[in-house]
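Can you build the whole structure from these sequences, using the hints too?
Sequence order for the protein chains is A and B.
Going by full-length UniProt numbering, the residue at position 111 of the first sequence is 111; the numbering climbs one at a time, nothing skipped.
Going by full-length UniProt numbering, the residue at position 375 of the second sequence is 375; the numbering climbs one at a time, nothing skipped.
Treat the hints as calculated values from the structure; they're not laboratory data.
Careful, some of the hints might be misleading.
[What the hints assert, rightly or not] Distance ranges between label pairs, derived from CB positions:
(1) A/258 <-> B/617: 33 to 39 Å
(2) B/884 <-> A/320: 44 to 50 Å
(3) A/396 <-> B/617: 48 to 54 Å
(4) B/113 <-> A/137: 30 to 36 Å
(5) B/482 <-> A/344: 46 to 52 Å
(6) A/101 <-> B/472: 48 to 54 Å
(7) A/258 <-> B/611: 32 to 38 Å
(8) B/454 <-> A/43: 25 to 31 Å
(9) B/572 <-> A/287: 46 to 52 Å
(10) B/489 <-> A/40: 40 to 46 Å
(11) A/11 <-> B/472: 50 to 56 Å
(12) B/617 <-> A/100: 43 to 49 Å
(13) B/56 <-> A/255: 32 to 38 Å
Where a beta carbon is used, it is the ideal one built from N, C-alpha and C, also for glycine.
Chain residues, written in single-letter form:
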Amino acid sequence: MIHSLFLVNATGDIFLEKHWKSVVSRSVCDYFFEAQERATEPENIPPVIPTPHHYLISVLRHRIYFVAVIQSEVPPLFVIEFLHRVVDTFQDYFGVCTEAAIKDNVVVVYELLEEMLDNGFPLATESNILKELIKPPTILRTVVNTITGSTNVGEQLPTGQLSVVPWRRTGVKYTNNEAYFDVVEEIDAIIDKSGSTITAEIQGVIDACVKLTGMPDLTLSFMNPRLLDDVSFHPCVRFKRWEAERILSFIPPDGNFRLLSYHVSSQNLVAIPVYVKHNITFREGSSQGRFDLTLGPKQTMGKAVESVLVSSQLPRGVLNTSLNPSQGTYTFDPVTKLLSWDVGKINPQKLPSLKGTMSLQAGASKPDENPTINIQFKIQQLAISGLKVNRLDMYGEKYKPFKGIKYMTKAGKFQVRT
Amino acid sequence: MSANSLAYSEQSGAEAAVELGQETTPTSSAGGAAFGLFSTDFKKNEDLKEMLESTKESLKLEAMKRVVGLIARGKNASELFPAVVKNVASKNIELKKLVYVYLVRYAEEQQDLALLSISTFQRALKDPNQLIRASALRVLSSIRVPIIVPIMMLAIKEAATDLSPYVRKTAAHAIQKLYSLDPDQKEHLVEVIEKLLKDKSTLVAGSVVMAFEEVCPERIDLIHKNYRKLCNLLMDVEEWGQVVIINMLTRYARTQFVSPWRQDGVFEENSEKAFYDSDEEKKEGAAQTKPYVMDPDHRLLLRNTKPLLQSRNTAVVMSVAQLYWHLAPKHEVSVVTKSLVRLLRSHREVQYVVLQNIATMSIQRKGMFEPFMKSFYVRSTDATHIKTLKLEILTNLANEANISTILREFQTYVKSQDKAFAAATIQAIGRCATNISEITDACLNGLVLLLSNRDETVVAESVVVIKKLLQTQPSQHSDIIKHMAKLFDNITVPMARASILWLIGEYCEHVPRIAPDVLRKMAKTFTSEEDIVKLQTVNLAAKLYLTNSKQTKLLTQYILNLGKYDQNYDIRDRTRFIRQLIVPNEKSGALSKYARRILLAPKPAPVLQSAFKDRDRFQLGTLSHTLNSKATGYLELSDWPDVAPDQSVRNVEVVEAAKEWAPGVSKTKPAKSDDDKFYSDSGEEEEAEGSDSGSSSGGSEDSSDSSSGESESEEKSESSEDSVKSSSQSEKSSDSGTDKKKKKTLKNKKLQQGKKAGKDGRSDEGQKNGRLEKSGSGSGSASASSEESSSAESSSESGSDSDSGTDQKRNTKPKPIKKVEETQKKEREASLLDLDDFSPAAVTMPKSSILSPSLLSDLEGLSLSSSTTPAIQVSSPVFVPVRPHELLHRMTGKGLAAQYHFPRQPCIYGDHMVSVQLTFNNHGDHALEDIHISEKTSTGQSIHCFRPIERLEPEASVTVSVGVDFNDSTQAASFQLCSKTERFSVSIQPAVGELLLPVTMTEQDFSREQGKLVGMNESSATITMAPETVSSQPVSKKVVSVANVGVVPSGQDNVHSPASKTSDF
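Below is the structure:
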């Protein structure tokens, strides 16, 4: 399966390598660098690259390439999924997954990688198990360790490995027992020039942060479970129960985890919370272009649209812009031609707008296509699909936990074609 | 170590020294940095060596941490080996682990020294702590020193029988390591694998199957006995193991079961379908060969993998999807669609792989992904390879019904700033145009407009695609050729120029005046052209010489002379050849007589096809499929066997648990004896089966009986149970099993109930550890109290009693429906999956309404002027009602039901037509053939008919689109709907709102156009509404749901201006 792993940073340096079988020379990465050179954008590097003796499967996250070396047939998704799991684990352990964080914690990283794979086959990827084997570094623990000489490495096999609930460690104790659930929905949409929706769909997740003593058994039910069209679960969720009663019944892992991701059935009309009025024109032969953009709320169910960020990749011919935002700040990078406008909150009384001119390269012909506008926004206290949690119950433990549920709607890939 | 590695480590030494300074040891680093390049390397390792040899644990640990840091950065630390290896026996577990890391990395280089550590591992293998035992085995097996192979072998054998499943798992991993170190050990290793395959722990299953795949994938016989166990365990295996097991089982199933994809005969999967049309079956049954009945083990695999589609692990979802693709009956494959589309939300790399697989699938099965077409729309932020893949899929999905929507989308793509992608889009348009003949002309016109594009790549690609399209029907398109000839001077891309020349040459008879002129121009610029253009010029000259020698003789001579002295030998060769061929002289002989036939032979049009056409030779989801070439270690998926191998090999001998049961039981359900968990599972299943045992879905249970000789048992059952005699013949093979079993089942029931008490006790225990019910026990133990379940059971029993006796006799149509209901009621807490299997094809997605705008106007959008013109444009509908209208009721239609609805898309068949989507359902019990519309309408409207439907199976449905020209009146269009035997008069009544097309216009335009409208064209209505609802939304929603209009953006708040046009506006 996975032979070796190389971590490559944005400048093309290999800053970490790990081999699970015999050592593969790092020169194998030259094929990767070749592909990197050929690709115009970092995202354009093909995830699977064949070389004469090996295959390279890479993922790009946080501007770090995780390049796995494979020697024989294996489902590529298997490797990709695993690499992403590695990144998630690093993030979980160090808070961020950057080159600096990995270099600072190189020993923990190595210990983790050693536990996660044996002979290239995943051994333990569940964060609860790993944390029992290797404790995450904290400042307090480092101090204590240097004084007492104790270690970060667990001596016993984590109980989870053998139990029927491998995702939960035993002996969890909290003084405050809390369970928080965040229902986060994202709207993916493509809006065409005239403002009508070409495609729109809602994807949602329920992220949980559960800090409960002992072995609690939770059930979560919805007011309107029929909304959920396609779902995928954390392994802790009992599938049969969902199939039969549309109730989520589970023994939760300790800490943060993603309980559920879902897709709202496409029959429902998706409410689009913002609209964009735009007028972007380039005139033939002139070195000026007009840029005029106004945002406004619609179908927000009375909630405020916040953290609005508009970004757009302007055509290559644009040299610079002189724009005037009615609120917020805007930046334009003349090298990457990326325009971004941090709008903030939309005030329905006074709609935010961005107006002005663009200076174009003299003599260049006018661009074929108007730029696409990407919009990000957040709406607190609202699940746009109308999904509502009915109740959350706990069985198996005596105490009364504190329960909280939060709703939020965000823009996913929200694009407006102009 | 050679010289260059020394130099390398010197450099690194300097670096490391600097880093040392930043790290914690103050003693050596100050000096290290000062000494510079030469001495530090030595110095530093000395320093580490000292620390490792000190007596203080913390110093040693610190040193090891730094050594690991070196390894991680790829620096050489091998000379520390002696110092490190001493610490292998340390009590400090972290230190020990780091030493292990070091050992595994360098043992191969320092084999002799590595042997020093072996005894420590051997001791650790006996440690009471399972984690230490396991890690000792891990390291021991990772040390690639051939001398210790026997020791490893011994350790593996021992660990394979360890009490701890974790250690056994490690043993499974060690098998692969030893095999790669010494393949000669295979024989012994296979023995260990065989032993471990029998392991019941979910922890071991994945790893041992992995070992199996690596060491002895050809020993499929080892799987037989474990097949059912693996299927049942699958749900509980950790996710990585699931992937491996599913892939292995896919391969296994392809060798052991017969194909469920039988084309011939009445489709009769799993015999569930059979009783919908059992009447007919009865008659035909005798004549037919034995109908296909799915092996229950085959069904077991499909059933147990299906829930895994809901996994969060994308690799698991993909592997289930490929399993369904390769193993499931055709109509069941579509269950994977949604899950695959879900994966597209994941990371970019995941998208890439999933899209590739979807591309392959969508070639063979358009219908699977068509409802999700919009998920494949390209976003400007997608990476280029993702864009191209999405384009590929959209092209594959294109059909007559959705082509206009797709083309509209393509219009946007053509204008993309990413020119490579724009070019790929043009290719895609070309492919759509050849595949769907209705739109070829429209596409051609659109492409011609693109010829005036500013971007060269776009123009070049258009020319190439036009060339291919023209080849299919050149005679009608001489004006396009003329147009291209005019553009010729402005086009500089060689490939495009060459294509135009070829076109003119090939069809010079259609453009007799222009062709010589082009040749004249070419003669002028010949020397400065690219090679490919020169070759085509020669070609053109030759063709013209043959057809029009009067005008071109001299020009041709001139060009041939130029070619004769060209630098490129290819061109010189070609010139010489052409000259011999066309200019008759005494030497040329026979060949020149045929010059005309050689050069001007009619050429077949090229077939534009998908790049993913040939990918289906690889198993989906594999590396080989992604690369489209065979990867090392790829295992071919074998073809289905013609005759299934012996099924009984998968039967497992009775083990403990089953002994408590009635003696007959062991014969019926081997899988149940495995484990307590599965025991309860199968028990439940049995109940479910019992309750509907009359319905032949029980066919999935008859494994053991039928294996004992089908014909025999058939006879027996007939003679022994008279009541069954009249049961339909086609069902016999499955029934024979069930009937016999029924007796047993009844017996078992009694026993079971006694048993149940004990089971409940156990499942209560199970509740504590919570996992049990998820594991597929299906009893829903947390919710269902023991009382409930036992009462449910008894009722199901009585149900089965009556069923088996009476219903079996009149095995007629109403029965299945009743059965299904019954089961639904009872099975509520049993697995719903079974239910899903029950009605396989019934899930037809409501076709998301997508139809055709008038293509020409659509493609005119391709001309790039659209951003500035204020003209009225047809836009996509704001709202599409999905409510269908009845066209033909199934009672009047004798089984054939038809519904229609207005997709609110411009019609592809003509500007004046309104497109209507018809959905036919066959509710009858036999297939309907040749459904079509008789041409004439009684009311004078013209109708563009759909292609006749050749055959509509019972319970199947099909959607087609027709265009109707209502002449802008609301008069109903009546016509006759014909099948092979029947004729029904039907009529479509349009609502006035459906005759409109939404358009986009500014407010000013709107008021201007509004002024022009008078009298007849006005159609008004008053809407009363409560004052609190006066916001724009509900009103416009109401309006758009009634009429197909667009919304004009309005400055005033309470004015709603619907914009639309009738079809001849």
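Results of checking the hints against the structure:
1. For the hinted restraint 33 to 39 Å between residue 258 of chain A and residue 617 of chain B, the CB-CB distance of approximately 37 Å keeps it satisfied.
2. Restraint check, residue 884 of chain B to residue 320 of chain A: a C-beta distance of roughly 55 Å breaks the suggested window 44 to 50 Å.
3. Taken as a hint, the range 48 to 54 Å holds for the pair residue 396 of chain A and residue 617 of chain B, whose Cβ atoms sit roughly 52 Å apart.
4. Between residue 113 of chain B and residue 137 of chain A the Cβ separation comes to about 32 Å, which falls inside the hinted range of 30 to 36 Å.
5. About 58 Å separates the C-beta atoms of residue 482 of chain B and residue 344 of chain A, a value inconsistent with the hinted range of 46 to 52 Å.
6. Under the hint 48 to 54 Å, the C-beta atoms of residue 101 of chain A and residue 472 of chain B, about 60 Å apart, miss the expected range.
7. At roughly 36 Å, the beta carbons of residue 258 of chain A and residue 611 of chain B sit within the given window of 32 to 38 Å.
8. Taking the beta carbon of each, residue 454 of chain B and residue 43 of chain A are about 27 Å apart, inside 25 to 31 Å as hinted.
9. Hint check: residue 572 of chain B to residue 287 of chain A, Cβ distance near 50 Å, so the stated range 46 to 52 Å holds.
10. Separated by about 32 Å at the C-beta atoms, residue 489 of chain B and residue 40 of chain A break the suggested range of 40 to 46 Å.
11. At about 52 Å, the beta-carbon gap between residue 11 of chain A and residue 472 of chain B stays in the expected band of 50 to 56 Å.
12. Evaluation of the 43 to 49 Å hint for residue 617 of chain B and residue 100 of chain A yields a pass: the beta carbon distance comes to about 47 Å.
13. Checking the proposed 32 to 38 Å range against residue 56 of chain B and residue 255 of chain A shows it holds: the Cβ atoms sit about 36 Å from each other.
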